[in-house]
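Q: Chain residues, written in single-letter form:
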Amino acid sequence: MQKEFTSDQHQFRQSLARFMQAKSTPVDVRRQMLTEQGYDAEVWQQLCAELGVAGIHIPEQYGGFGFGQIELGIVMEEMGKNLFCGPFLASSVMASSALLHCASEAYKEQLLPDIAMGVSIVTLVLDSLDGPEDVGSLLHEDGGVLNGAAKIVLDAASADLMLVVASSSSGLGLFLVRANDTGVNVTSRESLDPTRKLSEVALINVSAQRVGDVDLGNLREIWRDCSVALAHEMVGGAQHLLTSTVEYTKLRVQFGRPIGSFQALKHRCADLLMEVEFARAATYHAARLLDVGNAAGLAAVNESEAEVYAPHMAKALAADTYCNVARAAVQLRGGIGFTWEDDTHLWFKRAKSSEVLLGGPDRHREWMMQLIEGEVS
Amino acid sequence: MNHNDIKQEVTGWLEQNWSTELSLLEWRNRLLEGGWAAPNWPVESLGRGYSVDETQVVNDVFRRLGIVFASQGGPRRLAAETILAHGNDEQKQRYLKQTLTGEHAWCQLFSEPGSGSDLAGSSTKAEKRDGRWIINGQKVWTTSAHHADYGILLARSDWDLPKHQGLSYFLIDMHQPGVEVRPLRQMNGHASFNEVFMTDAEVSFDDLLGGEGNGWAVAASTLSVERRGFAQARQSGISSVERVGRVYDEYEAELAIDNEPYTWYPQRQGRVDLVLDRAKKTGAIASASTRQEIAKLLSMKRASELAAEQAEATRRAGTNEIIPAGSIGKLAASVIARQAAHVHTLISGSDAMLSGEHSAESGMVAETLISVPAISIAGGTDEIQRNIISERVLGMPKEQRSDTGPFRDIKRNT
Chain A
-7 MQKEFTSDQH QFRQSLARFM QAKSTPVDVR RQMLTEQGYD AEVWQQLCAE
43 LGVAGIHIPE QYGGFGFGQI ELGIVMEEMG KNLFCGPFLA SSVMASSALL
93 HCASEAYKEQ LLPDIAMGVS IVTLVLDSLD GPEDVGSLLH EDGGVLNGAA
143 KIVLDAASAD LMLVVASSSS GLGLFLVRAN DTGVNVTSRE SLDPTRKLSE
193 VALINVSAQR VGDVDLGNLR EIWRDCSVAL AHEMVGGAQH LLTSTVEYTK
243 LRVQFGRPIG SFQALKHRCA DLLMEVEFAR AATYHAARLL DVGNAAGLAA
293 VNESEAEVYA PHMAKALAAD TYCNVARAAV QLRGGIGFTW EDDTHLWFKR
343 AKSSEVLLGG PDRHREWMMQ LIEGEVS
Chain B
15 MNHNDIKQEV TGWLEQNWST ELSLLEWRNR LLEGGWAAPN WPVESLGRGY
65 SVDETQVVND VFRRLGIVFA SQGGPRRLAA ETILAHGNDE QKQRYLKQTL
115 TGEHAWCQLF SEPGSGSDLA GSSTKAEKRD GRWIINGQKV WTTSAHHADY
165 GILLARSDWD LPKHQGLSYF LIDMHQPGVE VRPLRQMNGH ASFNEVFMTD
215 AEVSFDDLLG GEGNGWAVAA STLSVERRGF AQARQSGISS VERVGRVYDE
265 YEAELAIDNE PYTWYPQRQG RVDLVLDRAK KTGAIASAST RQEIAKLLSM
315 KRASELAAEQ AEATRRAGTN EIIPAGSIGK LAASVIARQA AHVHTLISGS
365 DAMLSGEHSA ESGMVAETLI SVPAISIAGG TDEIQRNIIS ERVLGMPKEQ
415 RSDTGPFRDI KRNT
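From first to last, the protein sequence lines stand for chains A and B. Be aware that the first sequence starts at -7, since it is given in the working numbering, and climbs by one per residue. Be aware that the second sequence starts at 15, since it is given in the working numbering, and climbs by one per residue.
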């Protein structure tokens, strides 16, 4: 299994980094976070056209570039470093994962190419973002008609299409709904992280097409893919905060010396570096394992390297690390770190939001333990 | 050289020379004569001038066939490599052969009660008197001093120079009236180290290594050998060849002495290997809070392995970037050991009050709980590691120093 990035992957990362540094500065982020949609459609189109990110991991037969979780991870990590505002997580990661794992061939062919081009924004409507076991209690389908609500949906305000996981007489199903269909009510919600746009989606007698069957097994696979992608975003954000904080301590002078020369700060930064490196190693590893699994057929993740818990380990480590680094990033800046003017809070809020999205670290550790016990016994 | 040629040559030589009925000393003298005792050493110094990779080819053959190596145990190797690097011809002649055969055992006389993390703050006195060096002072944490014939010694030969410049490096005979070795009992009951008291101990002028005032540079090279040793020890494999015969018996006896100080070392790492089985056996695995702590432990352990593997892969790829994962391994081991001790305590509950062979895992859990504090001290404290990481990897400014100027005037322990 691959341990190092290839030179192509390095180059891809560098291209992305250049784009992000040009188009996703803190000034851009602050401008977009005040809008309802939350992103600049022109920049999004440019990113999709120039670097093909929206379909980077979507198989070529469905109009994507056919790369794997490693490349997807590179995109998420670079976006996370720069707090890129856009529907990538909702549409390219979560919705396309649901389609790839659950949809019939016809629907994959119908929906994935537009996602891969970035021209269609699709969001996944789940009535719980805490864990696969909790999904399906608030949204129901009966006779081709959906009812119920999801309290938190990513980027619903800008989505053209919605994929709804709902319970039905034949078990859980994945249903396709158009955002402007009658009975689809999208209400923007105030989010702790203003760079992540959240809405409540209420469905009242909405007629829907069933695009595939969902069970706990493939719901868990969706969860794993998305958790690993999100872990990359968190590692990128944590790395940005660590770097910027260390730079700050080298410049800020108190008591006649740079505060970065005080051991109290140096030791905290050394500990954070270790955490970031661990989270990064676990996250890259999880992506590589998923690729091995995906290459052997999506269901084979289980057998691939007897480390099925790796995605959960990555998500839990990345979440704890990002939050720890974010706390330190505010603390080590002192008063300025708590101001609105300083940019640190933008990442702090993303850290907090990502910590609980798709289940907090405690849930991921519990899943990890269940998988480990399953393997050992 | 072509690796196949090396393999053929060493295999052919072994067919002619290796016999399990030789004594250990006879065997190692043959090894020396054949030039296979230290193939990576220069041709003029008992070796063959092989590269790391070429030496690896030889070592692989030895391991596969279950051949006994030249003596490389702990302090012996430190002494031999340092003498090889800094010794004059006469010193190499005098010490290297019998160190490789195992006839001479060594100990490392560096740490002192007054200078631990601050190794260059050594205040052991070396004075020239009556045509020899006279040594006075105390060393501590000296592994295997009670078995040692010689010691590599760092001492202060000039008190008027700045701290790092007034040190010299000596080879000292441990069998003399001025040297007293006392076992040092640790908080876990073991006595794996010694205190060494030197009272007018003598060192001949010929046993100054690397020149007067050059002790810090020589000591630094010993320390780098030591660090490389930590990395290499993990790679050594064990051959499945059946070990019967005189040479093996004598080798086992040597190993037993060499390894005796280290029986509790797995315990100071936290015994992560015991955690899952114990949690199941005791039923502690049913506790949600304990499960969380186990998962945190296993995550840290696995992530530290992955970080080390990826650092190694990056190093092999030949990039020049600083690889933080390499320097955080030592700190990681401390964090993992502490979390493991915490988890073992959760699993034991009040049974953690017990120790000895009737306690959990025949006493291994109790020994773990009282051995883990060593891991964050030995070989450089966590605090020193954090200084190194923050300064060398993160590039943070150094602490302002207050130990400049003549050593005599620097505040120190009395």
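Since the hints were made in silico from the structure, they are not lab data. By construction, the Cβ of each residue, glycine as well, lies at the ideal position given by its N, Cα and C atoms. Be a bit skeptical, because a hint or two may be false.
Claimed, not checked - Only pairs whose alpha carbons sit at most 27 Å apart, straight line, appear in this in silico BS3-like list of lysine-lysine: (1) K341/A with K310/B; (2) K310/B with K(-5)/A; (3) K106/B with K139/B.
Claimed, not checked - Derived DEER-like restraints, expressed as beta-carbon distance ranges: (4) E323/B with S(-1)/A: 34 to 42 Å; (5) Q3/A with E323/B: 46 to 54 Å; (6) T235/A with S369/B: 40 to 48 Å; (7) N427/B with R244/A: 33 to 41 Å; (8) A205/B with D126/A: 31 to 39 Å; (9) Q1/A with S65/B: 25 to 33 Å; (10) D365/B with D0/A: 51 to 59 Å; (11) E323/B with E182/A: 58 to 66 Å.
Q: If a hint holds in the structure, say so; if it does not, say that too.
A: A quick look at each hint next to the structure:
Of the pairs offered as hints, the one joining K341/A and K310/B holds, with about 24 Å between alpha carbons and a cut-off of 27 Å not exceeded. Restraint check for K310/B and K(-5)/A: the C-alpha separation of about 24 Å stays at or below 27 Å, so the hint holds. With a CA separation close to 25 Å, the supplied pair K106/B and K139/B stays within the 27 Å bound. Between E323/B and S(-1)/A the beta carbons are some 20 Å apart, a value that contradicts the proposed interval 34 to 42 Å.
Take Q3/A and E323/B: their Cβ atoms lie about 24 Å apart, and the range 46 to 54 Å is violated. Against the hinted window of 40 to 48 Å, the Cβ-Cβ separation of T235/A and S369/B comes to about 46 Å, which satisfies the hint. Against the hinted window of 33 to 41 Å, the Cβ-Cβ separation of N427/B and R244/A comes to about 34 Å, which satisfies the hint. Hint check: A205/B to D126/A, Cβ distance near 57 Å, so the stated range 31 to 39 Å is violated.
A C-beta distance of roughly 31 Å is found between Q1/A and S65/B, which places it inside the suggested range of 25 to 33 Å. Between D365/B and D0/A, the C-beta spacing of about 56 Å keeps the proposed range 51 to 59 Å intact. Checked against the hint of 58 to 66 Å, the C-beta distance between E323/B and E182/A comes to roughly 44 Å, which is inconsistent with it.
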